[in-house]
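Listed in order, the protein sequences are those of chains A and B.
Quick note: the first sequence uses the UniProt record's numbering, first residue 1, plus one each step.
Quick note: the second sequence uses the UniProt record's numbering, first residue 1, plus one each step.
I should point out that these hints are in silico values taken from the structure, not numbers from a laboratory.
Heads up, the beta-carbon is just placed ideally off N, CA and C, and yes, glycines get one too.
It is possible that part of the hints are untrue.
To be verified - With a cut-off of at most 27 Å between alpha-carbon atoms, the simulated DSS-like pairs for lysine-lysine come out as follows:
| hint | chain 1 | residue 1 | chain 2 | residue 2 |
| --- | --- | --- | --- | --- |
| 1 | B | Lys117 | A | Lys265 |
| 2 | B | Lys395 | A | Lys265 |
| 3 | B | Lys392 | A | Lys335 |
| 4 | A | Lys335 | B | Lys318 |
Stated by the list, open to error - Output of the computed footprint for chain B on chain A, the stretches with three or more beta carbons under 8 Å from beta carbons of chain B:
| hint | stretch |
| --- | --- |
| 5 | 25-31 |
| 6 | 323-336 |
Chain by chain, the residues:
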Amino acid sequence: MDFVFTEEQQMIRDTAESFLAEVSTSEAVRKAMASDTGFDEALWQQICAEMYWQAIHIPEEFGGMGLGYVELVAMMEQMGRYLLCAPFYSTVCLGVNTLLLAASDEQKAEYLAAICEGSLTATLAYCGARGGRTADAITATWREDGDGFVLNGDSSFVVDGMTAGLILVAARGEGSSGEEGISLFAVPVDSSGLERKAQPMLDQTRKMASLSFNNFKLSAASLLGESGKAWPVLDKVLDLASIALAAEQMGGSQQLLDSTVEYTKERVQFNRPIASFQSIKHKAADMMLRVEAARSAVYYAACVADEALQGGGLADELSEAASIAKAYCSDAYFKNAGESIQMHGGVGFTWEYDVHLYFKRAKGSEHMLGNAAFHRERLAGVILD
Amino acid sequence: MKLSFSPEDEKFREEIAGWLKANLTGEFEKLKFRGGPGDEHTYPDERVKWEQKLAEGKWTCVGWPKEYGGRGLSIEQQVIFFEEYARAGAPGRMGHIGEGLAGPTIIAFGSEHQKQKYLPGIVAGTELWCQGYSEPGAGSDLANVKTKARFDEAKGKWILNGQKVWTSLAHESHYCFVIARTDPESKAHKGLGFFLVKMDQPGITVRPIEQITGTSEFNEVFFDDAECDAEDIVGEPGDGWKVAMGLLGYERGVSTLGQQMAFQNELDEVVKVAKENGAAKDPVIRQRIADLYLRLKIMRYNSMRMLSDDAGDGSLQKEALIYKLYWATWHRELGELAVDVQGEMGQVIAAEPYELTRLQSLYLFVRSDTIYGGTNQVQRNIIAERGLGMPKEPKW
Ligand SMILES: Cc1cc2nc3c(=O)[nH]c(=O)nc-3n(C[C@H](O)[C@H](O)[C@H](O)COP(=O)(O)OP(=O)(O)OC[C@H]3O[C@@H](n4cnc5c(N)ncnc54)[C@H](O)[C@@H]3O)c2cc1C
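Let the sequences and hints guide you as you build the complete structure.
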């Protein structure tokens with residue numbers, strides 16, 4: 001047992017941090033969030049070409065770096081700190097994970113190679129108009145049509161859905177319910193008949209889209225895995241994505257702590273730095289407690305994710321570890337963000353200071369992939385029923 | 001980062017689990033799941049015998065170096081030991097203050113004479129210790145101790161006068177480690193000494209204090225010309241604060257893992273009650289149980305991190321700084337849930353005059369977790385100052 005980063009992992013973390021501190025400045029984030037695409041294509045291409053982050057946990061046989069989930073979360077943590085606006089979460093945490101678990105070798109060879117190259121971004125559409133991360137949340141439907149399939153209905157909250165080159169769509173067999181009948185399809189966005197609409201969000205740093213399928217035709221080759229049997233795989237993908245998102249939430253919580261403490265040391269009232277007031281110190285201490293506990297939850301979950309992907313005794317713990325990390329980090333991030341505004345006073349309420357960006361990201365991330373109450377209930381089901 | 005245990009460690013797990021299964025039987029059967037928080041007053045004599053049983057199997061002081069009678073276990077194997085100890089429902093340790101606090105302090109700071117004299121009794125489970133820090137005027141402000149130690153040249157002994165308070169298990173203990181002022185003119189953390197004092201002597205009076213539970217686990221201890229041999233001061237006169245602070249580090253060490261493992265048993269009991277009485281169907285109770293469940297898991301991950309992440313210079317990493325605040329707060333919430341899952345029935349005591357159920361004792365006892373060993377407020381001061389570099393509290 002050795003529950004600390006290896007030197008190599010530490011290096012990956014440090015490199016990500018110094019790179020992002022330089023490129024994902026407040027100014028850059030604000031520019032990206034005001035754009036239609038939500039990110040700077042040149043920066044993304046730089047990340048793909050120079051850092052090769054998009055390929056982090058793609059196996060070497062498909063052209064990736066073949067690293068593990070611990071490395072992936074170490075980077076997500078830094079992206080969370082610097083609010084990086086880029087199709088990383090959508091492409092790697094949703095897209096690549098889905099492809100790794102559900103795609104045939106042929107499909108992997110095709111799509112993963114393109115992702116490694118930087119020529120393709122991807123995302124996953126896993127819920128209908130009302131959101132959610134359960135099988136019931138999937139409302140888009142499929143039916144067989146000749147050799148292929150026809151899709152109908154809607155998918156919403158598709159992260160980077162307007163820009164992704166490949167959308168992996170979860171749909172249910174017409175007339176099916178619950179976990180039955182779920183299939184996954186690879187939908188290239190240049191196909192005609194796919195309607196995409198931007199969903200303007202409170203958190204402007206993460207772009208979402210909704211998709212409408214209207215007798216939308218797909219070839220047989222677009223099916224990932226077995227028809228109608230995709231829920232267990234999708235469930236696993238969503239757990240893996242939750243762990244990555246939790247890492248991002250933890251990084252955001254850390255950044256809020258650091259910037260807030262720094263601010264309170266500088267801001268003077270009553271002839272003393274406000275950091276010397278005990279009510280401020282104690283809030284900061286509680287923020288640090290949440291960050292450190294969140295970190296322990298995320299790193300543990302990352303080790304579990306590694307074994308879930310590559311085999312190992314901890315693989316069975318995936319859904320539990322994901323729920324623990326997502327529940328704790330969701331609450332921690334939002335609480336830290338709220339406290340941060342309070343500790344900043346009036347400036348915390350301005351558009352100019354960055355606190356609101358984190359505050360909004362915190363709430364957005366909290367509700368993605370199930371909020372804390374959802375994940376607690378999921379755990380309760382296992383413990384109590 | 002790697003979480004799995006080696007085959008060797010798993011073999012060790014079988015060894016300790018097997019030993020406990022074979023030995024926690026017969027006269028010790030009734031001790032299962034007893035003696036934990038809020039239950040310390042239960043079966044003290046039988047639990048002392050259990051300490052000696054453990055010692056027979058060489059299962060006391062497992063983390064101590066071999067030369068002092070320990071097993072010199074790796075961190076992994078200590079984790080396994082505590083896991084299996086709790087899983088077996090083995091009782092709360094009577095010797096934990098000696099094994100977890102006094103012993104490690106003597107090993108780190110004590111003289112050869114002190115090691116020879118005191119460590120074997122701790123390892124054998126025959127000599128129990130208590131901690132004489134707090135005084136009426138020195139709680140959170142521990143450096144304000146007033147108890148005095150004067151060296152009597154004629155007798156060749158230290159003479160102690162003053163009063164300690166809240167001294168857990170003083171009434172069961174053979175020795176007490178005491179911080180007292182060796183320099184009567186000194187203030188705050190200067191001029192203190194750290195003494196190893198025999199309890200059974202005319203100069204010491206122990207008076208139990210009745211607690212919130214109606215039982216007594218802590219005491220007032222009065223020193224009226226109490227004597228302490230010249231060789232029984234740890235370090236030099238004036239070193240007391242340094243030694244005492246070193247000891248606080250051990251309070252957060254591996255030994256606390258044992259406590260957490262026992263927390264799991266307590267949570268299991270609450271879950272069992274909730275399932276039996278239907279509270280497990282209540283959506284609010286479900287959320288509270290799940291929240292405590294997940295935060296307990298995180299507590300474990302956090303201590304695994306803490307144990308893997310030793311800077312080696314005695315300084316505390318961030319995950320270690322939050323540790324006390326985290327578990328104390330968690331445990332208090334567990335105690336609240338323990339009565340809440342029972343609804344109104346949870347308010348009915350076991351018997352007159354004031355016999356409480358285990359869960360009621362737990363519910364009351366946990367109020368102390370956020371007080372002793374540094375209150376939650378003091379912990380937050382420490383976190384803010386040491387962990388975040390925020391300004392120190394103003395002096396008055
Ligand atoms: C069950 C139990 C067992 C114990 N066992 C032992 C033992 O074996 N040996 C021993 O030596 N002691 C023992 N103690 C004593 C314990 O360590 C003290 O109670 C503790 O240090 C707090 O001191 P106090 O009770 O004097 O409270 P005080 O220090 O008077 O605190 C009262 C309140 O003021 C707050 N406060 C104090 N200072 C500050 C500050 N600087 N900033 C913000 N808030 C502050 C505290 O947080 C608390 O809320 C035990 C206590 C209990 C409850």
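Hints and how they fare:
| no. | hint | in the structure |
| --- | --- | --- |
| 1 | Lys117/B - Lys265/A | violated, 51 Å |
| 2 | Lys395/B - Lys265/A | holds, 19 Å |
| 3 | Lys392/B - Lys335/A | holds, 25 Å |
| 4 | Lys335/A - Lys318/B | holds, 19 Å |
| 5 | 25-31 | violated (count 0) |
| 6 | 323-336 | holds (count 4) |
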